[in-house]
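**Student:** For this one, chain A is given, so just place chain B on it according to the hints.
Residue numbers (my numbering), protein chains in the order written: chain A, 1 to 783; chain B, 1 to 299.
One or more hints might be untrue.
[What the hints assert, rightly or not] For lysine-lysine, the following DSS-like pairs were computed, each having C-alpha atoms within a straight-line distance of at most 27 Å:
1) LYS642(A) x LYS274(B)
2) LYS293(B) x LYS767(A)
3) LYS100(B) x LYS694(A)
4) LYS100(B) x LYS642(A)
5) LYS119(A) x LYS43(B)
6) LYS67(A) x LYS43(B)
7) LYS293(B) x LYS642(A)
8) LYS767(A) x LYS262(B)
9) LYS119(A) x LYS274(B)
10) LYS767(A) x LYS274(B)
11) LYS274(B) x LYS780(A)
12) LYS651(A) x LYS293(B)
13) LYS759(A) x LYS262(B)
14) LYS48(B) x LYS694(A)
15) LYS43(B) x LYS61(A)
16) LYS61(A) x LYS48(B)
17) LYS48(B) x LYS63(A)
18) LYS441(A) x LYS293(B)
19) LYS505(A) x LYS569(A)
20) LYS441(A) x LYS274(B)
21) LYS433(A) x LYS100(B)
22) LYS100(B) x LYS441(A)
23) LYS63(A) x LYS43(B)
I should point out that these hints are in silico values taken from the structure, not numbers from a laboratory.
From a predicted model like this one, the values you see are computed outputs, not experimental measurements.
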Amino acid sequence: MKDYKFIGKDITRIDGLEKISGAAIYGDDIDFGASMLHAELVQSTQAHAIIKSIDISEALKVKDVYKIFTGKDFPYKFGLYMKDRYIFAQDKVRFVGEQVAAVVARTPGAAKRAAALVKVEYEPLPAVLDQMEAIAEGATLLHPDLENYPHVPWFFPKPGTNVAHWRKTRKGNLEEGFAKADFILEDTYTVPRYAHCAIETHVAVGKFDYSERLTVWSSSQSPHTQRHLFAEALGLTHKNVRVIAPHVGGGFGGKAGVTMEIIPAALATKLKGYAVKLRYSREQEFINTYQRLGVVAKIKMGVDKNGEITALDHKIYWDAGAYVEYGANVVNAVGLSAIGPYRIDNVSIDSVCIYTNLPPGGAYRGFGYSEMLFGLESHVTRMAKTMGMEEIEFRKKNAIMEGDTTAYGAKMNPNGLIECIEKATAAIDWGNKPVPSDPNKVVGQGFSLLWKAPAMPPNASSSAFLKFNEDASINLIISGMDIGQGYQTVMAQIAAEVLSIPPSKIRVETPDTDRNPYEWQTVASHITWSCGNAVKKAALDAKEQILTLINRVYNYPIDDLYLEDEAVKCITDNKFKLLLKDFVVDGIMTSDGTFKGGPINARGMFMPEFSSTNGDPETSQGGHPNVHYTVGAAALNLEIDKDTGKMRVLKAALAIDAGKALNPDLVRGQITGGLVQGLATVLFEDMRYDANGKLMNPNFTDYKIPTAMDIPDEIIPIIVEVPQPDGPYGARGVGEHTMLPAAPMIANAVEDALGIRIKSMPVTAEKVAMTYLDSNRQQKNHE
Amino acid sequence: MAIAHEFSYERPQNLHAVLELKDSYRNRALIYAGGTDLVVNIKEGMVKPELLIDIKDLPELHKLCLDNGTLYIGAAVTFTDLIDTEFVFQACPMLHDACKTVASTGVRSRATLVGNICSAVPSLDSATPLLCYEAVVHCASVEGTRNIPISEWFLAPRKTAIKDREVVTGISLKIPKEKSTSVYLKLGRYGGEDLAQAGWGIWLNNAYQYRIAHCALAPIPSRAAVIEAMLNGKELTPQLIEAAVALIPQEINPISDIRSSKEYRLHVSGVMLKRGLLAAIDRMEGRVVEPAKLLGGIT
Chain A
1 MKDYKFIGKD ITRIDGLEKI SGAAIYGDDI DFGASMLHAE LVQSTQAHAI
51 IKSIDISEAL KVKDVYKIFT GKDFPYKFGL YMKDRYIFAQ DKVRFVGEQV
101 AAVVARTPGA AKRAAALVKV EYEPLPAVLD QMEAIAEGAT LLHPDLENYP
151 HVPWFFPKPG TNVAHWRKTR KGNLEEGFAK ADFILEDTYT VPRYAHCAIE
201 THVAVGKFDY SERLTVWSSS QSPHTQRHLF AEALGLTHKN VRVIAPHVGG
251 GFGGKAGVTM EIIPAALATK LKGYAVKLRY SREQEFINTY QRLGVVAKIK
301 MGVDKNGEIT ALDHKIYWDA GAYVEYGANV VNAVGLSAIG PYRIDNVSID
351 SVCIYTNLPP GGAYRGFGYS EMLFGLESHV TRMAKTMGME EIEFRKKNAI
401 MEGDTTAYGA KMNPNGLIEC IEKATAAIDW GNKPVPSDPN KVVGQGFSLL
451 WKAPAMPPNA SSSAFLKFNE DASINLIISG MDIGQGYQTV MAQIAAEVLS
501 IPPSKIRVET PDTDRNPYEW QTVASHITWS CGNAVKKAAL DAKEQILTLI
551 NRVYNYPIDD LYLEDEAVKC ITDNKFKLLL KDFVVDGIMT SDGTFKGGPI
601 NARGMFMPEF SSTNGDPETS QGGHPNVHYT VGAAALNLEI DKDTGKMRVL
651 KAALAIDAGK ALNPDLVRGQ ITGGLVQGLA TVLFEDMRYD ANGKLMNPNF
701 TDYKIPTAMD IPDEIIPIIV EVPQPDGPYG ARGVGEHTML PAAPMIANAV
751 EDALGIRIKS MPVTAEKVAM TYLDSNRQQK NHE
Chain B
1 MAIAHEFSYE RPQNLHAVLE LKDSYRNRAL IYAGGTDLVV NIKEGMVKPE
51 LLIDIKDLPE LHKLCLDNGT LYIGAAVTFT DLIDTEFVFQ ACPMLHDACK
101 TVASTGVRSR ATLVGNICSA VPSLDSATPL LCYEAVVHCA SVEGTRNIPI
151 SEWFLAPRKT AIKDREVVTG ISLKIPKEKS TSVYLKLGRY GGEDLAQAGW
201 GIWLNNAYQY RIAHCALAPI PSRAAVIEAM LNGKELTPQL IEAAVALIPQ
251 EINPISDIRS SKEYRLHVSG VMLKRGLLAA IDRMEGRVVE PAKLLGGIT
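Only chain A is shown next, with the shape it has when bound in the complex:
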């Protein structure tokens, strides 16, 4: 293996000091003093209704109120993959919490006081709060004019129904596959909605100046995508729209695309000269940003007596909410990948995106794979048990290998799935359960595989500028967001490795779309891979400029020159050494006193030119929609109190194939954080709606996210490295994947410990205790 200086090393985060010292600027720090106005939303109290009238007269009388805007002021539609969304509700509201109007005032308090006085008269319509009801015959339609909505070519809406997109994947012959099966298991699994709960709520400031230039500061994972959607929706040219993304206090997918940021952007265009800030309260964060989609999954799997999976029929019905402009791509991604990391010849997948009168679904760490894997990995464990094979052996037998075909026909990339399985099971001593700490408790072991591909348009690209400063320090100008994963540090490591400059001499700033080059979005766990390739190319461009200059001045062949310790050296002349700081800006003085060279400015770009969404709409065969999959395996020991149902993770191991861990410490951080987040979604989080579509727990009182008290006793992060051929130094993404195995792993451990199978998330202490109690009662009755 090649010996690297900075790649694969536990380099300290380059943004650490800025963050811990308080120097870092966040969205809410943006201030314009007296010319700053504050917006507050008037939000729908109805899940589905016609807006009869809006009376703003009383609200306008409130002191310090400046203006009030409604849907009439902004008759525009927008959306990332499907234009089905409005800046403010037009004639109808489609979920409780939808923005109907905005009050703009000189203080946040005045805006809030006035917002409470805006009177909206509604004529209620029947609300559809469940995806299975929404696709039933005669269901009320949320979008009667669906056929007119522009969307990307790989979506297949069904006008006249509530189906916004239906991804069908067909491979082999399903009937023959089931005919070959000796065992068939069929069941249904359900997953509720979840909230991201980033500690920083959404915040954005819009400013439209008298030269008609729009600047938006926003807490965002997607500054360039935001600029594009603002320009499109508001009818502006891209050069006149500038998005500045300060540091982000957590994203988890919730700050991908555009949600509330378009509101202050749009309001600003009607308030020339002022800046308008909208900052969400925690409650608003819960009710009107993207949420993770809810799922009902019906799985039918066939296995022959040798343990080979002969057929899989996977039907997934998604509660995608009132607007699916982003969420439909979650549905699409899973519809291509719902075989899990298995080699299966006969497959049918239906992934159905369904409109409901609940808040819009969208990106959430895992992009639908957590929801899909809860069912599939629960089912696989049960399938193994049904046919009498040890579940790890069963998985190994069917594990997808390099060169196997995926559900849509493309070849699987190199991967270390078997190594992950072996290392994860060894780490918790699979098969040997620890003794429970007291007689009220039992211990179970649970296991799950994971896989996920980045879900991206085929032309999603990254780019990088790199400029040298006089002392050979570097400004690396890129447009991804450090949302905790360590992006800035890892990008600096890549440039450092190519240019022999230590990462501590490289500054990576948060993006400004005026100055930083294009980046699609910081989503899909693609940023290390995609932007890493762009940065590497930029660094190689700089290196080439440097070596070409040396060649021009000193006549050493370029192939004999190399960079080491911030200097250019030559393999044929060990006395030659020219420090980068001596020429990367000022150039090199030659004997006649003239200078050669000049400032080194470099660029790099990466687009996966092999990717294509041109699959057959009926089978998905033919395209290459996913660039690669990252795989892994996880296992845990779970102690359960039989009487209270309370659970405690004694030890959890997660092995993931990172291709190449560019910064192992940061990868271990992702594994730990992702696993804890995943465990919370299965053990105690969930969003609960009442019969009127109102969220009952829009707060941390009743929506629980983990504290230090809820961390497993021991987490063992395991890095496997089977290089990704087209990744920077072999790297591929791991960020989202680390939470994927948590839910099925817990459900499997509960069954192992207590003999009960829970098929709906979350698997709370209450659910475990009551299910166990029922099973004991039934057993007693039986006896």
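**Tutor:** Chain B alone, transformed into the frame defined by chain A:
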């Protein structure tokens, strides 16, 4: 999140001034000590006071002492004060246990026990020790003082026996002279701070007298009189514990809400009563008990 409601603020320097203000504003003035409930309620528009009377400058309200078998807790004493005071744990272990389960470290450093009982939510952890130690709530108004037994304090969810012109100045608990001990068990949804799904407080003495109280299992926190009567005078045996558990449906009247179903509350109450009684015996016999770990889920 902005506070839309506008109000006046006073920080009087003596109790008389507090009582005068309260007398003239009545229910339009609210007392501000920790503010951990109050400020949230104002933000959410649940209360709209004209005046907040901040009582934190009054030294007598910070009094926390144990005199002649009476534990006195002033109205401005915080949960952290109570947790950090050794004689509180010695005199009233259940109060120590309960205080440690209220909210989070940050909130406990501001929130007061008296504020807690004035909020009077059904899931009030601190009510169980007050009920078991038969606390007295000291109220004052311009007309004089009034002592209200805790058993008459809670009237309904979020409703107490206090009158509009009154202010609570403190609470006192009688610490029994004989050898006794107590424990509080709380069930929450996870390891972090939570409102109780169920709470059980158990007191017993060396003469096999029992006092048992619960919260989050009825409209108001209450004593379990039927169970106490059945247990009193008897040494604990497994059979006796089972008999006590069997009486639970007669004692509690839980509802289903977002925190728990009624069925789980009924079921888990039996587990808590049983483990609580055993833990109390452990404490009586000098063994160290960590109530937070008794229900599982926590290391």
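**Student:** Go through the numbered hints given earlier and state which of them the structure violates, listing their numbers in rising order.
**Tutor:** 3, 9 and 21
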